[in-house]
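Q: Required output: the full structure, derived from the provided sequences and hints.
Chains C and Z, in that order, give the protein sequences.
If you read the first sequence in the working numbering, its first letter stands for residue 111, the second for the next number, and so on.
If you read the second sequence in the working numbering, its first letter stands for residue 111, the second for the next number, and so on.
Worth flagging that the hints you see were computed from the coordinates, not collected in a lab.
Hints may contain errors.
Heads up, the list lumps identical chains together, so a pair's fine if it works in one copy or across two of them.
Unchecked claim - Straight-line C-alpha distance at most 20 Å; calculated SDA-like pairs for lysine to any residue:
hint : residue 1 : residue 2
1    : Lys185    : Phe206
2    : Lys185    : Arg293
3    : Lys185    : Gly296
4    : Lys185    : Asp231
5    : Lys185    : Leu295
6    : Lys185    : Asp163
7    : Lys185    : Glu294
8    : Lys185    : Phe213
There are 2 protein chains.
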Amino acid sequence: MELFALSDVPEVREGDDLAAIVEDRVDLRADDVLCVASTVVSKADGRTVNLDDVTAGDRARAIAERLEAITGEAKDPRFAQVVLEESNDLVMEAPFILSETRFGHITVNAGIDRSNVPEADLLLLPEDPTGSAERLHEELGVPVVVTDTCGRPFRHGQRGVAIGWAGMPASRDWRGETDRDGRELGVTVESVVDELAAASNLLAGEGDGGTPFVVVREFDFGDHGGSDNLFREYDDDLIRQALQAWEFPG
Amino acid sequence: MELFALSDVPEVREGDDLAAIVEDRVDLRADDVLCVASTVVSKADGRTVNLDDVTAGDRARAIAERLEAITGEAKDPRFAQVVLEESNDLVMEAPFILSETRFGHITVNAGIDRSNVPEADLLLLPEDPTGSAERLHEELGVPVVVTDTCGRPFRHGQRGVAIGWAGMPASRDWRGETDRDGRELGVTVESVVDELAAASNLLAGEGDGGTPFVVVREFDFGDHGGSDNLFREYDDDLIRQALQAWEFPG
Ligand SMILES: Nc1nc2c(ncn2[C@@H]2O[C@H](COP(=O)(O)OP(=O)(O)O)[C@@H](O)[C@H]2O)c(=O)[nH]1
Ligand SMILES: Nc1nc2c(ncn2[C@@H]2O[C@H](COP(=O)(O)OP(=O)(O)O)[C@@H](O)[C@H]2O)c(=O)[nH]1
Ligand SMILES: [Mn+2]
Ligand SMILES: [Mn+2]
Ligand SMILES: [Mn+2]
Ligand SMILES: [Mn+2]
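A: What follows is the structure in structure tokens.
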């Protein structure tokens, strides 16, 4: 399996044709998977926001005040407003906002970025990353994974995850298969789109690399079942239930 | 960047020399990273347990009874006993046991496996995966990442993560670097060992593949700071605090 980033990718602007940018830079093969940083999907879709265009409501103002009191740092209530608008539901509101995005992904500040956004204050995540992946998949003919970099419980730091995918299942389903000794497997559902996103992030990086597109060549999904069930629903997510029941002591 | 699994790896037994198994199968290069599934590290270290040798204490019996009542499935109190012995601290005890292993990793059932373990009932995680990685790194001369497959909050399924590493920092520290427009970065600490573990899991798989060793060739860490701070401490982990404060309603 080989991974490489596409080079000489321009600054992406609203309306840009991402499939054409890719096709101009690589002859994709049938066994390739294309990983795309959500940043450029959002830019192509015009998902920028300027804070001057935002009016904070009561809830956003209350959240920003509380975060200001906790952290001792100025918090813009208009930013909290945008996070609320991008969220189905809040999982935690202090000491940082953890929420479920419209498409079911749980992340800090609804995944809104301030880096690598030249022409506006904020860049929202794509409205429907799987829809975006589907369009790119149709145009390019290979599986597409839309990635973001985000944190996770229990561990420091961040890593690449999939937020949308098309042309392949999200997970390899190992149920019904056996281990080396014919016993049932403990691990049954392997989130390969997350593993692909993590791998591609090793090349995309977080800074000024200019490498939002990474091709994974000769990844072998293998002869397994597949599943597209990546984001847990509330009823099925005890950790989220525990967090929503909890109140930050401060 | 290229990844390949070593082939013709034998069944690993207590006392086996993993470095020799690797060296017999590949000429490692200076820019390689070796990812090793923890299963074979544990096997070489003899970390197997037979339930007949375990006596469950009161706490393990209480936990197993509760889990039996909740799930309607028989639960062996001796298994709960082993999980307790492998744990520094429990994060949740129902409806499944989530705990911190001795070396700081939070995972279900202390990461104890029943798959790919021919000669015993259970396989524990390595006692000190970073120590194991250090020994392999000294013998092989390349960075080593010890991996496991485990679940995570908010998402279905499991994926590869690092539980030990040596010869390279756990994370790329992007602090002080800037984005394409000279602005400060939002993502500052990228857990590259987790990203490498996820990538290698795409080739190692969960079943009878027999491929616990994956070489990552030409991964470029780049000119960044590094950090080895991967597992959050209790005081620094709000999600864990919230979970420990929570009581499963059932
Ligand atoms: N060429 C190019 N690279 C970009 C652009 N926007 C972001 N990048 C690069 O894409 C990669 C990922 O950027 P990042 O901000 O971490 O995106 P995210 O993980 O999707 O939030 C980095 O190498 C950035 O330099 C763009 O418009 N053009
Ligand atoms: N050759 C060989 N492969 C093994 C052995 N034990 C496990 N594996 C393989 O190692 C890979 C990872 O196994 P898994 O049970 O998922 O390990 P874990 O992720 O570390 O818990 C799979 O390809 C297994 O078939 C062994 O003793 N010898
Ligand atoms: Mn982002
Ligand atoms: Mn990123
Ligand atoms: Mn395991
Ligand atoms: Mn595994």
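Q: All hints are to be evaluated individually against the structure, with a verdict given for each.
A: Status of each hint after checking the structure:
1. Lys185 with Phe206: Intra 11 Å, inter 38 Å, cutoff 20 Å: intra-copy only.
2. Lys185 with Arg293: between (54 Å within a copy, 18 Å between copies)
3. Lys185 with Gly296: Between. Shortest inter-copy distance 15 Å satisfies the 20 Å Cα cut-off; intra-copy 45 Å does not.
4. Lys185 with Asp231: For Lys185 and Asp231, only the intra-copy Cα distance (14 Å) is at most 20 Å; the inter-copy one is 54 Å.
5. Lys185 with Leu295: between (48 Å within a copy, 18 Å between copies)
6. Lys185 with Asp163: within (17 Å within a copy, 57 Å between copies)
7. Lys185 with Glu294: between (51 Å within a copy, 17 Å between copies)
8. Lys185 with Phe213: neither (26 Å within a copy, 37 Å between copies)
Checked against the numbered hints above, the structure breaks only hint 8 and satisfies the rest.
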